[in-house]
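Trainee: Residue numbers (this note's numbering): 31 to 305.
No lab work stands behind these hints: they were computed from the structure. Since the structure is predicted, the reported quantities are computational estimates derived from the model, not experimental observations. Do not take every clue at face value.
As the list claims (entries may be wrong) - The calculated DSBU-like cross-link candidates involving lysine-lysine, where the alpha carbons are at most 35 Å apart (straight line), are:
#1 Lys117 with Lys223
#2 Lys197 with Lys261
#3 Lys157 with Lys117
#4 Lys140 with Lys41
Said to hold, decoys possible - The calculated label-pair distances, taken between Cβ atoms and stated as ranges, are:
#5 Leu164 with Glu201: 17 to 23 Å
#6 Arg266 with Asn52: 36 to 42 Å
#7 Arg266 with Asn66: 40 to 46 Å
#8 Glu105 with Asn66: 36 to 42 Å
#9 Asp239 with Lys261: 26 to 32 Å
#10 Gln95 with Leu269: 45 to 51 Å
The beta carbon of each residue, even a glycine, is placed where N, CA and C say it ideally should be.
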Amino acid sequence: MEQSRQLTHRKPSVSVIVPNLNQGQFLEEALQSILNQPNLDIRIAVMDAGSRDESVSIIHKYESQLTYWRSERDEGQAAAINEGVKKLPNSDYICWLNADDVFLENGLTKMVQFLESHPNDVAVYSKAYITNVLNEVIEPYETEPFSVERLAHHCFICQPATLIRGKIWNELNGLNAELQMCLDYDLWWRLSKSGVFGYLSEFTACSRDHEATKTRNNKETHFNEAFQLLKNYTGRVPLNWCLSRAAEKQIQAPYVMRKILEKAWASYMYIKYRF
């Protein structure tokens with residue numbers, strides 16, 4: 031009976047990796063959102079890629095509450111996250127939180143509780159908000175119950191609102207360090223092939239949209255990687271992805287020419303990646 035009581039009150043361990051490069055204006059808010067999660071044994075690794083802003087001073091401010099940190103040039107976000115996981119003790123669960131994102135109150139705890147009560151699920155994703163620089167809500171992220179077919183058409187999984195079992199992370203060898211933009215999308219595909227990807231229909235995190243985000247500034251790389259992943263995992267690229275890429279390429283063109291080019295480009299990309 032005493033042993034059962036101790037197990038009931040065990041705090042699940044969670045490794046949270048925080049990759050950062052010159053996001054000092056947001057970093058403290060991200061760290062506070064992690065540290066404020068209740069009833070968890072949280073291990074934090076801040077992987078700073080040699081920031082030149084106030085990031086390092088903020089890291090020093092929270093140093094006593096961090097398990098590991100470093101500030102130096104690295105091989106990219108995916109490699110830094112993988113490195114961070116290895117620098118921490120083995121944990122029940124693993125996730126990463128970009129320095130410009132935040133967990134909502136009890137958000138991480140809710141995801142842990144979900145996986146604790148769904149022992150056969152390899153990971154969980156939940157609802158999230160898209161916010162602005164001031165962390166004001168712009169809109170909910172478009173999330174839906176898991177479907178492999180739908181994942182091919184739309185990445186409905188918001189990265190900060192995800193949590194992965196440590197054992198599964200290790201079996202998959204973490205993130206693909208060769209990817210710059212679609213490291214998370216690739217992981218969702220690999221997780222879906224490893225077992226049940228659970229869905230928690232509650233808001234747990236915020237993904238911040240601002241001018242300095244990687245997604246905004248590297249759209250061509252994003253599409254290139256996404257197209258290759260889709261072809262690898264499904265054998266084709268759905269037409270809606272081709273149309274989205276065409277729209278991005280021609281967004282600055284005059285209206286009539288843009289429409290002509292959109293159709294031509296979409297047809298070309300569809301044929302190229304479909305066959």
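Trainee: Each hint: holds or not?
Mentor: Right, here's what the structure says about each hint:
no.	hint	in the structure
1	Lys117 with Lys223	27 Å, holds
2	Lys197 with Lys261	28 Å, holds
3	Lys157 with Lys117	29 Å, holds
4	Lys140 with Lys41	13 Å, holds
5	Leu164 with Glu201: 17 to 23 Å	40 Å, violated
6	Arg266 with Asn52: 36 to 42 Å	38 Å, holds
7	Arg266 with Asn66: 40 to 46 Å	44 Å, holds
8	Glu105 with Asn66: 36 to 42 Å	31 Å, violated
9	Asp239 with Lys261: 26 to 32 Å	28 Å, holds
10	Gln95 with Leu269: 45 to 51 Å	48 Å, holds
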